[in-house]
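Each chain, written out:
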Amino acid sequence: MIDAVTVLTIVLMAAVTYLTRIGGYLLLRDRRLGPRASAVMEAAPGCVLISVIAPAFVSDRPADLIALAVTVLAATRLPMLPTVLIGVATAGLLRHLLP
Amino acid sequence: MSPPDGSLPFATPETASAPPTSAEVRRGVTAATPVLLGMLPAALVLGAQAAQKGLSSVEVLLMTSLNFAGGSEFAAIQLWTSPPHILLIVAITFLVNSRHLLMGATLAPFLRHLPKRKALPALFVMCDESWAFGLADAKARHAAGWSPAFSLPYYLGSALSVLLVWATFTTLGAVVGPFLGDIEAYGFGMAFPAIFLVLMRGMWRGFRAARPWLVSLGVAAGVHLLVPGAWYVPAGALAGLAAAWLLAEERG
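Line order of the protein sequences matches chains D and S.
1 is the number of the first residue of the first sequence in the numbering used here; add one for each residue after it.
100 is the number of the first residue of the second sequence in the numbering used here; add one for each residue after it.
None of these hints come from the bench; they were simulated from the model.
These numbers were taken from a predicted model, which means no experiment stands behind them.
C-beta: ideal position from N, C-alpha, C; glycine also.
The following label-pair restraints were derived from C-beta to C-beta distances: (1) LYS152(S) <-> ALA15(D): 19 to 29 Å; (2) LEU85(D) <-> LYS238(S): 31 to 41 Å; (3) PHE223(S) <-> SER38(D): 18 to 28 Å; (4) THR132(S) <-> ILE2(D): 29 to 39 Å; (5) LEU81(D) <-> ARG307(S): 25 to 35 Å; (6) PRO62(D) <-> HIS212(S): 54 to 64 Å.
Using the sequences provided together with the hints, build the complete structure.
Set out below in structure tokens:
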């Protein structure tokens with residue numbers, strides 16, 4: 001039900017996340033960040049998210065690659081729910097139609 | 100996420116005394132409601148995916164209520180193994196959430212009237228949405244002449260409703276997920292890329308600002324093809340950060 005290593009990981013995640021929440025308030029409130037530090041911080045979440053899903057972009061299943069292209073297109077113009085539905089439906093359908 | 104716009108349903112200070120706390124809380128919950136509905140599918144998918152990776156519903160509840168930062172939780176679950184790579188997951192969590200540092204810094208001027216014993220707990224529930232609501236509201240109230248401009252009950256109304264819905268529906272996803280069987284076969288593997296791409300669309304600041312993302316994608320994809328394991332994540336992320344650092348020089 002509850003695994004010690006899992007809970008430790010979750011508690012450490014929560015701790016570093018809380019540090020980011022109070023760190024800006026405590027340390028940066030009277031400081032101006034340089035353009036480089038700001039640029040790195042602004043780019044960081046997108047860099048991590050795209051890295052995590054990068055394997056999907058080099059999948060060896062044509063069905064998944066086509067579905068991903070459709071999903072990218074949907075994500076540029078639709079809200080979360082329709083994008084997820086379109087992505088999942090396209091992937092499910094193409095997996096049955098294509099080898 | 101861009102700050103919410105729209106009219107502000109409070110009277111100007113010239114015409115009325117400060118609104119009661121309960122009305123301010125309700126105003127925050129109302130502002131957050133459309134966001135709450137949009138969160139539901141992502142929350143259910145995260146919970147179901149976490150259950151498939153072997154997390155119990157109690158562990159999912161712990162993660163989403165204590166960490167309470169969706170992007171990092173999606174990344175962590177995607178990378179989850181049994182047992183988990185603690186250092187990798189904690190480092191990725193920090194990187195995904197490093198934007199909080201900037202968010203806290205921009206909010207700080209509006210929190211000066213609050214003692215730290217109130218400000219520090221309030222910051223525990225600062226997420227993309229509650230930050231955007233609280234900051235936009237404080238700016239509007241400042242322009243309207245209110246002092247203090249920052250309404251703590253409004254901010255907490257929006258922040259706590261997001262926390263409640265997020266924690267509840269991720270846990271629900273973990274409870275019902277196992278009954279769905281192997282969701283991958285129905286194409287559910289595409290749910291995560293879809294969610295991540297919509298999250299990134301919300302961070303989009305034009306093509307120039309997004310060039311580090313392309314570097315991350317290229318490096319992560321390459322490393323994934325060449326090196327076994329999860330090394331592609333730190334490799335791609337660090338390559339993107341290095342690109343952001345180098346490309347920023349052009350501006351300054």
